[in-house]
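**Q** Just so you know, the protein sequences line up as chains A and B, in that order.
Each residue of the first sequence is one higher than the last, beginning at 1 in my numbering.
Each residue of the second sequence is one higher than the last, beginning at 1 in my numbering.
In short, the hints are calculated from the structure, not lab data.
Among the clues, some could well be false.
[To be verified] Counterexamples of contact, computed for chain A against chain B with all Cβ distances above 12 Å: (1) 17; (2) 21; (3) 37; (4) 39; (5) 43; (6) 88; (7) 90; (8) 110; (9) 130; (10) 136; (11) 156; (12) 180; (13) 189; (14) 228; (15) 245.
[Said to hold, decoys possible] Label pairs and their in silico Cβ distance ranges: (16) A:32 - B:32: 19 to 27 Å; (17) B:37 - A:155: 32 to 40 Å; (18) B:38 - A:161: 24 to 32 Å; (19) B:38 - A:206: 43 to 51 Å; (20) B:11 - A:86: 37 to 45 Å; (21) A:184 - B:37: 58 to 66 Å; (22) A:203 - B:23: 31 to 39 Å; (23) B:40 - A:122: 19 to 27 Å; (24) B:34 - A:123: 45 to 53 Å.
[Unchecked claim] Covered by chain B, per the in silico footprint, the following chain A stretches (three or more residues, Cβ under 8 Å): (25) 51-62; (26) 116-125; (27) 138-151; (28) 161-167.
The beta carbon of each residue, even a glycine, is placed where N, CA and C say it ideally should be.
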Amino acid sequence: MFRTVETISAYYANPQRFMRLAGALHAPLWGVTILVFAVALYMVAHVPDDYQQGATVRIMFVHVPAAWMSLFAYSFIFFASVTALIFRHPVGHVAGRAAAPIGAVFTLIALMTGSLWGQPMWGTWWVWDARLTSVLVLLFIYLGYMALWQAIDDHGQAARSTAILAIVGSINVPIVKFSVDWWNTLHQPASVSRFARPALHADFLYPLLMMALAFTLLFFALTLTRMQMEILRQRARARQMARLNEADD
Amino acid sequence: MYDTYIYASYGITFVLLGLLIIVSLRGLQKARRDADKLAQK
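Isolated chain B, as found in the complex (with noise of 0.2 Å):
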């Protein structure tokens, strides 16, 4: 009756915390990058 309810939770809950996931390792990964760049100019 209330699965809706749910799944909405669950569903809100992993896509935001997925999103801030994928964002923190991208930043990471591009700070890295970045980083190795200036060190060889």
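If we strip away everything but chain A, and leave its shape as in the complex, we get (with noise of 0.2 Å):
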């Protein structure tokens, strides 16, 4: 298994041949995306309203798999960098400047539909507590990445560099996570996961798990779309300087 993805990534190491696949399924996956958002959104506009909260659970529907992605974009980024740095593939960075922005937004959507929903059930738009600071934490790392991509000219120090910069910062995605299992949090702990049934009824956990699959495409498809571009742009970049190079000869 381990020797496919190996095999798979080192081919993919050329942005010629990355370019290539990333053409082919760029259209069938912006395809496939709309379709499952379309699904999902049926499936949310008919889901009843729940006993205790009534019509705002339907806020779970985009909070849910919007925090779900500010997680796994961050994962994302920083399992590119690692790539990038140790096996020194040419596409790590170019992925990791690409989702960096989308898991921004969808951490910025988190925390703004997190206190939209706080507000009618806690009675505040926002408290100090672990799994809120942990999450705007988060917001700011993703700023400073994006940041230092635009603050260091040289695009090899800039690449090495935010590297680094993802792999220190993911030493927050855990303490996002379990922060509501460490600490006491006004936040409830996770009601979905892997390892125990799921708090929720069936009546939202699949019109929500449909969401977070629409999410997690939408993720892919605007990846896809963000490396193309910075891989042209890279490609631009390298030919202005190779004849600018020359003129100067």
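Quick one: dock chain against chain with the hints and give me the complex.
**A** Here it is as structure tokens:
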């Protein structure tokens, strides 16, 4: 299994090959994403009111997938950075840079919808509890990562520095995930887990999982789009530099 | 009673995601155009 992943990864280390694959996947991936989003929204529209929360339970279908994706996107950037730094995979830096704004937007959505859910349910827009604060820190790490890419002119230096920042910042991911177990928080513990029976009724669970699938597909469609954009920009930059060097000679 | 909170949540989500989609697709389009222009020179 690891060998297969390694072989595929090495094959697509060539940006030219990666661009061919991305070009072929681009339209079908966007098509499937739109279709799954339509099905998920249809399912959410037919969800009954919760016996305790009433209609506000509907906020869960955007808040929870956005929160899951904020952690997933960061884990993706972490693995891309490790691959780029240790295995010198040239597409790794591109993947990390492409996924950062997407992860930042998902984190912002999780924070804003959480606040809009908190006001009617908890009676407050914000509390400085461990879960909310660690997610806010996650947003700042995303913004810092994106700012560092912009701040350094030398592309190689920027790639290495941002990869190190992403790896160091990954310490916050388990803190976000387990904050509700480690500390006494206003935020509730996880209702959906791989290892335990979900605390959600099937009427809520299946639309939630469908929405999570739609968000995941959107993440990959956007990442692929932004990776293509990034590789084309890098190529253009390299070509311009080569022309300037020729002109100097 | 809480409709405003629900509409605001969905509104924020789809406006932010929509903007991200538009910026990304337009960015790719522009990068393709620029690459073509450079290749023609």
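**Q** For each hint, tell me whether it holds in the structure or not.
**A** Hint by hint, here is what the structure shows:
1. Against chain B, the non-interface label of residue 17 (chain A) holds: every CB pair exceeds 12 Å, the least being about 17 Å.
2. Once the 12 Å rule is applied to beta carbons, residue 21 (chain A) is consistent with being away from chain B; the minimum gap is 15 Å.
3. Residue 37 (chain A), annotated as away from the interface, has a beta carbon of chain B within 12 Å; the closest lies near 10 Å.
4. Annotated as non-interface, residue 39 (chain A) keeps its C-beta farther than 12 Å from every C-beta of chain B; the closest such distance is 16 Å.
5. Against the 12 Å criterion, residue 43 (chain A) stays outside the reach of chain B, whose nearest CB is about 14 Å from its own CB.
6. The Cβ of residue 88 (chain A) lies farther than 12 Å from every Cβ of chain B, with a closest approach of about 24 Å, so its non-interface assignment holds.
7. For residue 90 (chain A), the condition that its CB be more than 12 Å from all CB atoms of chain B holds, with the nearest at approximately 17 Å.
8. Distance to chain B contradicts residue 110 (chain A) as a non-interface residue, since its nearest Cβ pair spans about 10 Å, not more than 12 Å.
9. Against chain B, the non-interface label of residue 130 (chain A) holds: every CB pair exceeds 12 Å, the least being about 23 Å.
10. With a cut of 12 Å on Cβ distances, residue 136 (chain A) stays outside the contact zone with chain B, its closest approach being about 16 Å.
11. Every beta carbon of chain B lies more than 12 Å from that of residue 156 (chain A), the smallest distance being close to 20 Å; the non-interface claim holds.
12. Every Cβ of chain B is farther than 12 Å from the Cβ of residue 180 (chain A); the closest lies at roughly 21 Å, confirming the non-interface assignment.
13. For residue 189 (chain A), the shortest C-beta to C-beta distance to chain B comes to about 22 Å, beyond the 12 Å cut-off, and the non-interface label holds.
14. Remark: the non-interface label on residue 228 (chain A) conflicts with the geometry, its nearest Cβ contact in chain B lying 6 Å away (cut-off 12 Å).
15. Every CB of chain B lies more than 12 Å from the CB of residue 245 (chain A), the least distance being 15 Å, so the non-interface label holds.
16. Judged by the Cβ atoms, the range 19 to 27 Å given for residue 32 (chain A) and residue 32 (chain B) holds: they are separated by roughly 22 Å.
17. A hinted range of 32 to 40 Å is violated for the C-beta pair residue 37 (chain B) and residue 155 (chain A), which are about 21 Å apart.
18. Under the hint 24 to 32 Å, the C-beta atoms of residue 38 (chain B) and residue 161 (chain A), about 28 Å apart, fit the expected range.
19. In this structure, residue 38 (chain B) and residue 206 (chain A) meet the distance hint of 43 to 51 Å, their C-beta atoms being roughly 49 Å apart.
20. Range check, residue 11 (chain B) to residue 86 (chain A): Cβ separation about 42 Å, and the 37 to 45 Å hint holds.
21. Against the hinted window of 58 to 66 Å, the Cβ-Cβ separation of residue 184 (chain A) and residue 37 (chain B) comes to about 59 Å, which satisfies the hint.
22. Between residue 203 (chain A) and residue 23 (chain B) the CB atoms are about 36 Å apart, so this pair conforms to the stated range of 31 to 39 Å.
23. Hint check: residue 40 (chain B) to residue 122 (chain A), Cβ distance near 59 Å, so the stated range 19 to 27 Å is violated.
24. Separated by about 52 Å at the C-beta atoms, residue 34 (chain B) and residue 123 (chain A) satisfy the suggested range of 45 to 53 Å.
25. Counting residues of the region 51-62 of chain A whose CB lies closer than 8 Å to any CB of chain B gives 6, so the stated coverage by that chain holds, three being the minimum.
26. Counting residues of the region 116-125 of chain A whose C-beta sits closer than 8 Å to any C-beta of chain B gives 4, which meets the bar of three, so the coverage hint holds.
27. Restraint check on the region 138-151 of chain A versus chain B: 0 residues with Cβ-Cβ distances below 8 Å, three needed, restraint violated.
28. Taking a C-beta to C-beta cut-off of 8 Å, the region 161-167 of chain A contributes 0 residues in contact with chain B, too few for the three needed, and the coverage statement is violated.
Comparing the model with each numbered hint stated earlier shows that hints 3, 8, 14, 17, 23, 27, 28 do not hold.
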